[in-house]
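Q: This is what each chain is made of:
Protein chains: 2
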Amino acid sequence: MSKLRFNITMSLDGFVAGPNQSVENPLGVGGMALHEWAFPLAAFQAHGEEGGEVNESTPVMEGMSENVGAGIMGRGMFGGGPGPWGDEPWNGWWGDDPPFHHPVFVLTHHAREPLELGDTTFHFVTDGIDSALEQAKDVAGDQDVAIGGGASVAQQYLAAGLIDEFEVSVVPLFLGGGARLFDNLGGARIELEQVRTIAAPGVTHLKYRVLR
Amino acid sequence: MSKLRFNITMSLDGFVAGPNQSVENPLGVGGMALHEWAFPLAAFQAHGEEGGEVNESTPVMEGMSENVGAGIMGRGMFGGGPGPWGDEPWNGWWGDDPPFHHPVFVLTHHAREPLELGDTTFHFVTDGIDSALEQAKDVAGDQDVAIGGGASVAQQYLAAGLIDEFEVSVVPLFLGGGARLFDNLGGARIELEQVRTIAAPGVTHLKYRVLR
Chain A
848 MSKLRFNITM SLDGFVAGPN QSVENPLGVG GMALHEWAFP LAAFQAHGEE GGEVNESTPV
908 MEGMSENVGA GIMGRGMFGG GPGPWGDEPW NGWWGDDPPF HHPVFVLTHH AREPLELGDT
968 TFHFVTDGID SALEQAKDVA GDQDVAIGGG ASVAQQYLAA GLIDEFEVSV VPLFLGGGAR
1028 LFDNLGGARI ELEQVRTIAA PGVTHLKYRV LR
Chain B
848 MSKLRFNITM SLDGFVAGPN QSVENPLGVG GMALHEWAFP LAAFQAHGEE GGEVNESTPV
908 MEGMSENVGA GIMGRGMFGG GPGPWGDEPW NGWWGDDPPF HHPVFVLTHH AREPLELGDT
968 TFHFVTDGID SALEQAKDVA GDQDVAIGGG ASVAQQYLAA GLIDEFEVSV VPLFLGGGAR
1028 LFDNLGGARI ELEQVRTIAA PGVTHLKYRV LR
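Those sequence lines, one after another, are chains A and B. First residue of the first sequence? That's 848 in our numbering, and the numbers climb one at a time after it. First residue of the second sequence? That's 848 in our numbering, and the numbers climb one at a time after it.
A portion of the hints provided could be inaccurate.
For identical chains, the list gives no copy identity; a pair is met inside one copy or between any two copies.
What the hints assert, rightly or not - Derived lysine to aspartate or glutamate pairs resembling EDC-like cross-links, with alpha carbons at most 20 Å apart:
hint, residue 1, residue 2
1, K1054, E903
2, K1054, D860
3, K850, D989
4, K1054, E1012
No wet-lab data here; the hints were simulated from the structure.
I would like the entire structure built from these sequences, with the hints used as guidance.
A: Here you go:
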């Protein structure tokens, strides 16, 4: 069964990006430190590079892309500021060969033609989270759909009761402000079950299933 | 060396009490569910009672009171509403034999004579967190001082750089509002190190040391 899931790294005080996010500083002040647990991992490094660590985080990192047939992300995570795309739209942070290798549906208020970069095609969806999910499930088939972020996209799908499972990688860090992951859930009744806990250097991975 | 530490149970969205805390509902709406992991434990139940579970949470529960010589808590956790104590002050939620068995320093804006209940004496401190800590360390000697809560007391000691270590028991629950533990830390630079992660039924215990 195809699942909707996400894996996101969060500070101990609940932020997935620091304060004052900008085009120059997409993860906000201090936000890059969230991902220090991942950088040394062989599983994180580009294909073909030598070296890199293998530790308790390795199966988590490898699992993120396993059995994923399509992705969904917010405009902010795709890259660039908000607002209309303009005549020469920027192609995002992801470079010529984005690491997704499957179609990615970008939630935005501004229509744009699909963008093919390497073997990743970005589709820009202007009619909301249900439409993005439907399109992503169509292309994913039996595989899962992964939400990349940011916080508000994960929140919207959680509050709508559409997430099947998620993993939060909690790092021993206080950001003190920024984008809080588990916020704006309103009165949504979301029942959770702990699935897996992995302690690794500089991070603890907490995986949950949403009960229905 | 005597340490200042706390162990507190937190929802996955970061709350240690639900919304709308009141004298009738001290943990706020839904807040009692935070502690469901603890109730079945033999280590939680009153001395002399039979039965109760032993599981991965047992060493955490037992460790909470080990080597603790004094406690500090906020007025809200002692019990009763805010404001002056009145002529017949209420003696809190803790009954005739509070579970502390050591002196407890209660932070309040309203002076009051010490209150002895069983082998626990509550001292009411009106001159701030530094004074409470100094008094608590004096009576604790080589033993540790444990902060009971609530959130704002833990925050004040964290922001002041006075905490040595803490354990957060994260439960798979969204409260959606209430008293957020890691909030109001301002620009305090607090460097943390992961000490221990324990996955247990219905809870994950995350222990950190504050680096200096």
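Q: Evaluate each hint against the coordinates.
A: Checked hints:
Taking the closest pair of Cα atoms, K1054 and E903 come within 20 Å of each other both inside a single copy (14 Å) and across two copies (18 Å). Both within a single protomer and between protomers do K1054 and D860 lie at most 20 Å apart by alpha-carbon distance, with minima of 18 Å and 14 Å respectively. For the homomeric pair K850 and D989, the shortest alpha-carbon distance inside one copy (9 Å) is at most 20 Å, but the shortest distance between copies (53 Å) is not. When the C-alpha separation of K1054 and E1012 is checked against a cutoff of 20 Å, the pair qualifies only within one copy, where the shortest distance is 7 Å, while the shortest distance between copies is 25 Å.
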